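Using the hints, position chain B against chain A.
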Amino acid sequence: MNKVYNRIESIIGNVITVRAEGVKYKELAQITTRFGKSLAQVNKIDGDIVSLQVFAGGQGVSTGDEVRFLGHEMRVSFGEDLLGRIFDGSGQPRDRGPALTDNMTAIGGPSVNPTKRILANRMMRTNIPMIDMFNTLVVSQKLPIFSISGEPYNQLLARIAMQAEADVIVLGGMGLKYDDFLYFKEELSKGGALSKTVMFIHTASDPTVECMMIPDMALAVAEQFALQDKDVLVLLTDMTNFADAMKEIAITQEQVPSNRGYPGDLYSQLASRYEKAVDFANSGSVTVLAVTTMPGDDVTHPVPDNTGYITEGQYYLKGGRIEPFGSLSRLKQNVNGKTRKDHRALMDAMIRLYSSYKETLEKKNMGFSMSKWDKKLLKYGELFESRLMSLSVNLSLEDALDTGWEILAECFDKNETGIKSDLTDEFWHNK
Amino acid sequence: MTENTGKVVSINGNLLSVEFDGNVSLNEICFVKVGDTSLKSEVIRIRGKVAQVQVYEMTDGIKCGDTVEFSGDMLCAELGPGLLGQVYDGLQNPLPTLAEQAGWFLERGIYADGLDCEKKWAFTPSAKVGDTVRAGEYIGFVPEGPFAHKIFIPFYLLGNYTVKSIADKGEYTIKETVAVITDERGRDIPVSMSFKWPVKRAVKCYSERLAPVETMETKVRLIDTFFPVAKGGTYCTPGPFGAGKTVLQHTTSKYADVDIVIIAACGERAGEVVETLTEFPELTDPRTGRSLMERTIIICNTSSMPVASREASVYTSVTLAEYYRQMGLNVLLLADSTSRWAQALREMSGRLEEIPGEEAFPAYLESYIAAFYERAGYVRLPDGSTGSVTIGGTVSPAGGNFEEPVTQATLKVVGAFHGLSRERSDARKYPAIDPLISWSKYNGVVEAEKSQLCKNILVHGDEIGSMMKVVGEEGTTLSDYITYLKAEMLDAVYLQQNSFDEVDADCSAARQRYVTDKLIFVLDSDYEIDNKDDARGFFNRLRQKFIDWNYTVFESDAFKTAEGEIDALYREGCGRLKDGE
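First to last, the sequence lines map onto chains A and B. Take 1 as the starting number for the first sequence in the numbering used here and just add one per residue. Take 1001 as the starting number for the second sequence in the numbering used here and just add one per residue.
Wrong hints could be hidden among the right ones.
[Claimed, not checked] Derived lysine to aspartate or glutamate pairs resembling EDC-like cross-links, with alpha carbons at most 20 Å apart:
1) A:Lys338 with B:Glu1474
2) B:Lys1033 with A:Asp46
3) A:Lys247 with B:Glu1353
4) B:Lys1049 with A:Asp46
5) A:Lys26 with B:Glu1358
6) A:Lys364 with B:Glu1474
7) A:Lys247 with B:Glu1358
No lab work stands behind these hints, which were simulated from the structure alone. Quick caveat, the model's predicted, so the values are computed rather than measured.
In isolation and in its complexed conformation, chain A is listed as follows:
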């Protein structure tokens, strides 16, 4: 154990090789360079030639640098004292707090036995009407936020972190701009959510290899909290950076790329992270919300495409709003029958009318004359967008439903909404 090697055979990108014996696959090593110490992880063994990916990157590594194998794989400390702390991609503190070494847990552990899972059936409230009312987030669901660059996805995540009904928030940042990191820190401490949050942050200027560690560390911690009866919400941003980091390493190691340069196991790699979302029978849960930016707004790009096959729906962030049409929560029907009896009917009716509004808007833009009904729809669309869709709106589900009825009453007659009359009789707002 802890043998030291002083001869590095090759250095290609972030990957170095050394001749060593008795090294375990995925074992960690510490490499001491002129810039300080860095962790490295074994990712290939061929006879006595061991390849390691250096967390801090290959820059400045010398063939004479010292490599010391640590005898264990990547681990992360776990305990209550994690709350409120910020770590980087190699598990070191990013804040001024002490390094934690107690109760180390291996990351990237085995998957949950499907027979030990239970059917997702609890709503997670976020007080964002486009989520709570139209595409309800369900405890243990895994949902990406598909977005193009420039959309306020980090603002949205920060809001969800502050408002969501979760016991613990784990935030994983990958390739985060430094200002975004500061934004998260500031918003969460302003909102008072910092004390229930653990952050694992890799910023864009940090080494690529550390980026790949973020989801595993975040999810390993989340899983441990969940096993202690906590409902954990994991927020990841941005999974496209994670996939790109994987691509970079794969190409450096001369793996055959499959689709637009991404490695052939992209699906399995993403799935093994997303599948950590779970509702344990008689214990806590892990819910995953992950931003996936779509290069060029192209949903068929390998990263969003593979993600879509893995996750249980998606939120589609466009024009600063969660789009009602592209978005889908596949699990919403598990919960939205139990909230308030008008929830489903009102949701369906409002979406249907909004879709008619879109058609009318198209007709209007093409210069057709507007009928009385068209005008009603136009008014409705505007009200809907400003009072419910805008990301600045903050309403509980019940208030959002009431607002929905209010909007309908301002624009339409009862029988124009297509809602069953026993519901309109009970909920219609009489002016």
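The following block gives chain B in isolation, referenced to the frame of chain A:
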């Protein structure tokens, strides 16, 4: 277990190179010793004294020099009574047993017997001492759920055997000897109620393979009437994410007119398996009146479980299907999704540094896919009865583009193609099978001319629809407009189906025939309507009547009343059959 061992010499992901001394065969199972655990692996390539093995588990912590023990066996499934109702992983480990042993997680290196060795089964012999028997013939049976589970002469025995002794009627475990048979050289072979069969080899103990002619009813109108699947046939369901592949398979697994359903959840979400596990024990199979779970086997290797066993899981599933087929039963294997299986092949191929084919899939992708689907079939068994394995696979094409290699390789070998479209699923049309691109080579539940007539209306309606987008409603003639409305109505009342409604979801063949006749009568008529608004109004009302009709129980009073309303409305529109009347 043989004495043959080897040493690990290189590690790359889940691919190891192992140096060995004795003899090793391709696809042989071996175990890598890591600390106290042994990790199951399979030999996939041999070069000189080095075997390359894929490990069915995570390989963290393995080091060069670790011992590998070769078993001498290929990857096998254990066949015998007790398979029905089970939930297995890709290597036939029962997941509930693993949960008892390991708790929340699928810890590596923990394996369990596929069948319960303690349970006693009530055996009734059917063979007599002195009978001549061959592999695949049965010597008795035990009751398993609603079926008489036949006890076979193991499929791997070659030649003729004579029954030397056979157990009396009574209760036995699957490991106890129930018969002794003698081969042509006079050697005795004990036979128990279970035996092993290598999953990658097709079971061929049948007299002949027959053409699949009989329709396998799925109770989905769009499939049974337009793009049917035959018992013993194959079909594939490609579609982009969110188009409803899994939901469609889920309904098929509930309502399909077969004896046994095997669900291979291959590289998909664990949540979907949980849904089946929660729901199926509560549902009753209308054919037997017993729990739906009793006719179901779930082989689940979800996306986060190790990739190599994902590849094995489709073979394990089809082997179990063939086993029950040998009993003269009709078995449906639903594989979701074959793309994940193909990706598992691709990952392994990449590690083996094989020259990649299109999109980095291995060059043998097509032949592997073909060999898998060819294990479906309708066969005549040695005792003269027939049995079938039907295979339905979903395909998850990257970007929803059907031109990709897995979809194309699959289309070459299947007998029916149910292409799901994003447009239809976005429009909330269920099932989202696109009638304009799908096809089937099998016989449906209604006559071919009738379904063709309906298809023609759909095609024609679609053409007019696209034209209308350019010239507007104003530029369309009334007769074209009516054709368009007819196609829309056909789509709304017949192609679309409500899978949440018990009556509508379970549409029998007889009902499909009855309703198509009525529909054709209505669609093939001329109407005395002189403007488009009236036409739209009329067909809207007609559509509503048909939809209401769909929700009534077949041949009930409500059914007849609703039909009467359709007839009345038809007369109101002054419908007249074309060509006279």
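Each hint, compared with the structure:
1. A:Lys338 with B:Glu1474: violated (47 Å)
2. B:Lys1033 with A:Asp46: Holds, because 18 Å separates the two Cα atoms, which is no more than 20 Å.
3. A:Lys247 with B:Glu1353: holds (17 Å)
4. B:Lys1049 with A:Asp46: holds (16 Å)
5. A:Lys26 with B:Glu1358: violated (31 Å)
6. A:Lys364 with B:Glu1474: With a Cα-Cα distance of about 18 Å, the restraint between A:Lys364 and B:Glu1474 holds, given a limit of 20 Å.
7. A:Lys247 with B:Glu1358: At roughly 19 Å apart (the allowed maximum being 20 Å), B:Glu1358 and A:Lys247 satisfy the hint.
This entry does not satisfy hints 1 and 5, going by the numbered hints stated previously.
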